[in-house]
Amino acid sequence: MDQLKELTGVIENSYVTAARAAGRKIVGYSCLSTPREVLDAAGIFPYRIKALGRAETEMADAYLSRFNCGFCRACLQLGLDGTYDFLDGIIETNGCDHLRGMFENWQYAAPRPFFHYIRVPHLVDQDSLEWFREEIELFIAATNKHFGAGIDDQKLQAAIDLQDKIAAAMRLIYESRFNNEIKVFGHEIIALSVAEGSLPAPDFLDLLKTFTGELEARRPLDCRARLFMGGAATDEIELIAELEQLGGLVTADSFCFGGRFFLREASAREPVKRLAEMYLNNLLCPRMFMSYPGRKAYIVDLIAKSKADGAVLFHNKFCDLHGIENVKLKMDLEKEGLPVLLLEKEYGAGADIGRMKTRVQAFLEQLKR
Amino acid sequence: MNNLNGTGKAQTTGLFSRVHGLFSVLKKLPDSLSAEELEGLIKVLPADSANSMKSLLKPSIQQASMPFLRMLIAALDETKAAKEQGYKVVLAPFNFPPEIIHAFDKLVPITTEVLTTLGVISLEGQGERYWELAMGLGLPDHLCSANTIDLGSMLSGMDFEPDAIISGCIGSCDVNSKTHEFVSLLMDLPQIALEKPPDNTERGFSFFKKNYYKMIRQLEELAGEELNDEKLRAVAIKVNRCTELYHDLWEMKKLVPCPVPGIFSLFVCATRFSMWGRDEGIKTLEQCLEVAKLNFKSDDYGSREEKARVLWIYLSYYYDLVKFYDWMEEHKISNMGDALQWAFPEPLDLTSRETILDGMIRSAWNNVMTRQMGAASMSQRWIEDIVYIIREWGVNGAIYCGHHSCKQTWSVFSITRNEVLKRTGVPTLGLQGDSWIRSMTPMSVIQEEVDQFVNNVINKRGRRKRRRTAGAAEL
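Top line first, the protein sequences correspond to chains A and B. According to the working numbering, the residues represented by the first sequence are 305 to 673, in order. According to the working numbering, the residues represented by the second sequence are 42 to 516, in order.
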């Protein structure tokens, strides 16, 4: 799909350019815990900060260190070199220590006019939910104050409904891989997730409809082995594509640019409370504590449904959260009889691709595929 | 638990057991050793242990180091005895104030990083074998050695098992909290989570307070006893004595030259992390203060040269006490200690159970690392503390040790260095190394860099004025 390729190949895509020309405000966020409906309801274009596999970090390295994750350094680089100058604001979240550092340095060295920090709890319990609900209220108040947005329950509910439709459409495409005949590559799912944070919600819903239509006409893909992939935030579509070319088709993933973003289960009706539940309860990220059993169960279920023959778990060098959790996950998945490959990688490092391909190739051999 | 080595030969070659074995021997030492006796002792100890004991027990600080060692022995003995007495051992990270656990009859606290440091300074081969055991599980090499060494030993199945783990770093250090969670999952131990939100306001504090009270209820359940008001009060009184002594030592550090030996920063933080609110902790701090006063009153104090007053703005290096603390002393560099002693304790209000607990919660909120890295802005609070301390103690050089695992401090080090220079004129040297693993950066390299920094940067900027503060003069 050419449109998808175009959208995920550049940071400032045609939608961004059009929004700027129309005087529409664009606000950047990075973590999945950011309730983007608040920005939607404000008529603001929420743009998910990404680096699309770019490896340049020379300006960022003057702020973040070489001991910080390459993804955060690459994003900061784009913030400092002017690529993200189209952002009218930035939303910080405490996703991890690296991400916090990225936002602090960005705001220190190249501040944007609007900056708001959403403090996301690390636990899921009643007090944490209440805290997060208040955080969303504060986020709404700050957005209203700065942009004169006039967000109300009605607008919020409309934004929630639209995102629900997107999630449902996305889930259909994602789960189509659970069938015996697969028509969509894993890297395309990543590309769709990347695109989701690159264009306004109604436009993305249109894109999903077009994509779904095109899928109908496709022939089933050849598949040497069915793989589950999980781990750190990766928007490196090309990397996953290169690995899939070896014959291991990704039939499910738990990436935050991937299978995590359309999980939206919530029971509350009141919009802000619903958002709090939706975003905190479904945040299947190792930055959450006391909830590993839930994450594991979700992944085990995904693996079963997608009939995966093996799992590949990534983490970027210096990512402690995924680096540690992947080890436990590997132990547990192996107990379930699933072969697992752990891959530590440098973000966006083309030079690393040969090593990665060799490891995955060897893993496919191990799977006897 | 899952005994990972599957041999059933647990608890003989683990870090805790070996440290306890060695310290059981040290327990038999007299209260003071002459230089000759010390030399004799060092000869019979393995090289790595001998090196540390040479520094720890040198006559000039022995008056404080003996109670310090006895304090650690007491902590180790209690942990070991707890199992036999049916008490529960609670493992916590260094930023978790242990006094609340001391207030329970049936709970014993033990601190991961204290155990690692004891292993590194006292065992032959330091902590390397335990680090390698953890790496053998597939864990990444960018973890924190301060927790991984001790936890690697536990995971090997060769060591004692705690009964619960407190995750006290949620919000202030990912690697620490995640490593502790990993161990609790693997060993099937109850995990008690204490989250601090990155919010410096009263709203943030009241959320933290709720979390702390939840933790108390979990501790009560674990212990099978309710937190007793009388015991809490008794501990609180001793906490206040520790706090008082901490501030007296703080005042002494304002004097030029600094009469407080650099290694006392290690004594103070080990006390804060393990025996705060206990008689043994009080005794250690009292003797530290006593030695500092004796230094101040000694005949040669006025003629002592002080080339620089150096502050380690996060961690120090703990794997070679002689080449770190003693070397700086020999080179006339006053080591003003590191951020591990920036606990900023305040006296507890003893009026009621609520006021005592409120004070303890405030202490936990303000404790080392939690206060800086768990703040709304990691750099802002850290910078404010560094600037305050530089001004309080007349520091003229700052050093960041650059432990590769400290992703949070590394991520804001650049801002911090710039701002500290801008606000105080004090330069910061950035090093790289592992504070607990000697093979990462040899101490000779660190010495060379510190030496060049002191001679070529600090001393070219001019010397600090000699001063005595009113508070210190009264001591």
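Because the hints were derived from the structure by calculation, they are not lab data. Incorrect hints may appear among the rest.
Ranges of calculated distance between the beta carbons of each label pair, as one might list FRET restraints [as the list claims (entries may be wrong)]:
1) A:662 to B:80: 54 to 60 Å
2) A:655 to B:78: 57 to 63 Å
3) A:670 to B:244: 23 to 29 Å
4) A:316 to B:288: 53 to 59 Å
5) B:462 to A:601: 47 to 53 Å
6) B:288 to A:441: 37 to 43 Å
7) A:655 to B:342: 28 to 34 Å
Straight-line alpha carbon distances no greater than 16 Å define the calculated EDC-like cross-link-like pairs of lysine to aspartate or glutamate that follow [to be verified]:
8) B:373 to B:346
9) B:251 to A:569
10) A:621 to B:182
11) B:255 to A:429
12) B:251 to A:431
13) B:250 to A:656
14) B:255 to A:431
Note that the Cβ used here is the ideal one computed from N, Cα and C, for glycine as well.
Hint check, failures only: 3, 7, 9 and 13
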